[in-house]
Every structure is written in C-alpha cells, then in structure tokens.
Amino acid sequence: KIEPKIIDEIERLALMNKRNSIATIHRKTTNYCKENNFDIPSYKQIYSVIKAMPKSVIDFSHQGEKYYQNKYDLIQIRESSRPNEIWQADHTLLDIFILDQKGNINRPWLTIIMDDYSRAIAGYFLSFDAPNAQNTALTLHQAIWNKNDTNWPVCGIPEKFYTDHGSDFTSHHMEQVAIDLKINLMFSKVGVPRGRGKIERFFQTVNQTFLEQLPGYINNNDTPSNLINFHNFEEKLRYFLIEDYNQKEHSTIHTTPISRWNSNHFFPNMPSSLEQLDLLLLEIPKSRKVHSDGIHFQGFRYSNTNLAAYVGEYVLIRYNPNDMAEIRVFYRDEFLCTAICTEIADYSIDIKDI
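This note's numbering applies: residue 531 is where the sequence shown begins, and numbers increase by one.
One or more hints might be untrue.
Once the Cα atoms are required to be at most 27 Å apart in a straight line, the calculated DSSO-like pairs of lysine-lysine come out as [stated by the list, open to error]:
1. Lys677 - Lys778
2. Lys728 - Lys712
3. Lys677 - Lys712
4. Lys558 - Lys574
5. Lys564 - Lys531
The following label-pair restraints were derived from C-beta to C-beta distances [claimed, not checked]:
6. Arg542 - Phe760: 51 to 61 Å
7. Gln631 - Thr735: 22 to 32 Å
8. Phe760 - Ile783: 10 to 20 Å
9. Gln631 - Arg862: 32 to 42 Å
10. Met716 - Arg557: 40 to 50 Å
11. Glu764 - Gly829: 21 to 31 Å
Please keep in mind that the hints were generated in silico from the structure rather than gathered at the bench.
Beta carbons are placed, not taken as given, at the ideal position from N, Cα and C, and that holds for glycine.
Go ahead and model the full structure; you've got the sequences and the hints to work with.
Take a look at the structure:
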C-alpha cells in the first residue's frame, strides 16, 4: 500500500507538466521517498495511481481552462434528440483563392447553418464580404424555406439557433428575427466557443475533401491563370454540400445526414408564407414613395399593377442584395406585392454590380 503523501506527490508530478513521462515521475518519486524515508513504490504502482486520475483533471492542468470547457462543459456533450431542435451557424474564411466578379484574386467567406441532430446542411451563403448580419439573415432565410429540391429537404423554423458571439449574430436584427419566429437564440461565451465541435469539424471536411482538389487551394501555389471564378466555385460548392456531404454516410451517426433528418417523419414548423419570412429576413427595410410610374430604387424603376392604388404613399421595401431584379413591397407592415424591374429581370445582378 502506498502512503497518502506519496500518492499526493505522484499526482502533483503528473499534473504539473504534461511532458513528465511515467519514467520521469517514477524517478522523481523515488528521490522524494528517499528524502522522506518512505518505501519506494514500484513503477507499476505509480502507473496505477496516474491511471486512476480523472482525465478531465489532467486535461484541465495540461491544456488549460478553455480546452477543458470546450471538451467537458455540459453544452458540449448534450445531443439533440430530433431534427430542427438545434441549428448551429458559423462562418469561415475558406482556404482557397478564386477570382471575384472583377477578376481580382480573393478568398471567399462561407456561412453555414447545420442541423445539430442530423449534421445536415440547412443553408449556406458564399461571399467575399466579412461576416455580417445581412449574410447571416440570408442564410437563415434559405435554411428555413422549402428548397424545391428532393435532394435537399431540410427546412423549417428551428427551436434553438446556436451561434458564437459575433456582432452579426448578436445584432438587433437577428434578435428581432428570433422573437418573431419564436426561435430561442443560444450564444457561446465570448472567447469560449464550446459546443461548436460539429460545425468546426465540418469546415475541416470542406478543406480536406473539397478545397484540396481545386485549383487555388491555399497550399497548392497555383498561378492566377488556373484559378476558377466565383460562379464556377459556387456551383461546385453547392454540388458538394447537397449531392455529396448531405448524401454521404457520416462516421459519427452511421447514416447520411439527409437520412437522419428524414428519419423521424416529422412535419417541420414552417412560416405561414414566404412573404412572412421575407418581412423578417430580407435586408433592412427602406422607405420609398410610390410614383405614378412605380418605385425608384438604386437607379432602377420597379413596377406592379397593385401599386396604382398607392401612388403618393410611402411603402417599405425589402430585397435580396444578390438579386436586384425584384423587391418586396410592404404597406403598414402588410405584404403588398413583388415589384419587378423589367430592365434587369432576365439577369442575375447584385447590389455591388449597381
């Protein structure tokens, strides 16, 4: 039997330095015992003492508080019990150089919303802009609404929306969205993004199984002439997310994300209409006066026959900055119509092109 003081010394040595091997601890313990006239424990006894120590305590001592919280806090080990119970959202600057709309070399940002239960991707947004509330809102808009794609059935209003403490996620706009859609917002503590392991591992998967195969990957040293443009990259990314990742067996859940999302045969909680979702998620409202020839916005004219009865009135408009061909028009918080700009209706034009 080992003296309690010797056990304390062995544990102290094991915790003080992660580089202390069993052999080093045995040697230092032997010296301690000789100095204090204790019986010297065997190598096997010392190993047994260390083996009996809680791994969480060792990790806290060797790796620090942040590592401990991320690995052992309750929020990390809690699992969702059903689809759409918890959605996670995060951004990453992708490790690839592509050509932007002006032909300049740039790295795109990817915003992802993932269903925690199934690991299925519910929505994504690709942009050269740094993360902001607008991009997050557009990603959530896509994630919630029906995609009209049998290979991508994920939709509905999540019960909880789990994000980090980025200013875009904690913006007043997102808080209002959560209130109106009855979503419970959950945030990581500042500097302690625990519970985010699933979505972070997904970003690793994007790097290892998708980006590494493409010209422009950050470690490939490709020449500018080999780089692909934004449109081609977005097409490849969409195929990877919907046709590859969502449909491929996941090593943790032992089935495909889509199969797991569909497994409960549940009916997603949907907004009453697309217009209700637009009111909440598309661009901050802009007040505009209705003229006899329609609504003037960003140098274009938007028209709809329903506007004739509102000439002279001020309305609120909301729009998708990536598709300026149409705007949603609201009067006194009620959806009025979708106004079209015939000049650009047949083109894909975003607000930056304007």
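Here is what the structure says about each hint:
1. Lys677 - Lys778: With Cα atoms ~19 Å apart, Lys677 and Lys778 stay inside 27 Å; holds.
2. Lys728 - Lys712: 24 Å, holds
3. Lys677 - Lys712: 21 Å, holds
4. Lys558 - Lys574: The given pair, whose Cα atoms are some 15 Å apart, holds under the 27 Å limit.
5. Lys564 - Lys531: 17 Å, holds
6. Arg542 - Phe760: 51 to 61 Å: Holds - the Cβ-Cβ distance for Arg542 and Phe760, about 57 Å, lies within 51 to 61 Å.
7. Gln631 - Thr735: 22 to 32 Å: Holds - the Cβ-Cβ distance for Gln631 and Thr735, about 28 Å, lies within 22 to 32 Å.
8. Phe760 - Ile783: 10 to 20 Å: Given range 10 to 20 Å: violated, Cβ gap about 33 Å.
9. Gln631 - Arg862: 32 to 42 Å: Since Gln631 and Arg862 have Cβ atoms about 37 Å apart, the given range 32 to 42 Å holds.
10. Met716 - Arg557: 40 to 50 Å: 49 Å, holds
11. Glu764 - Gly829: 21 to 31 Å: 26 Å, holds
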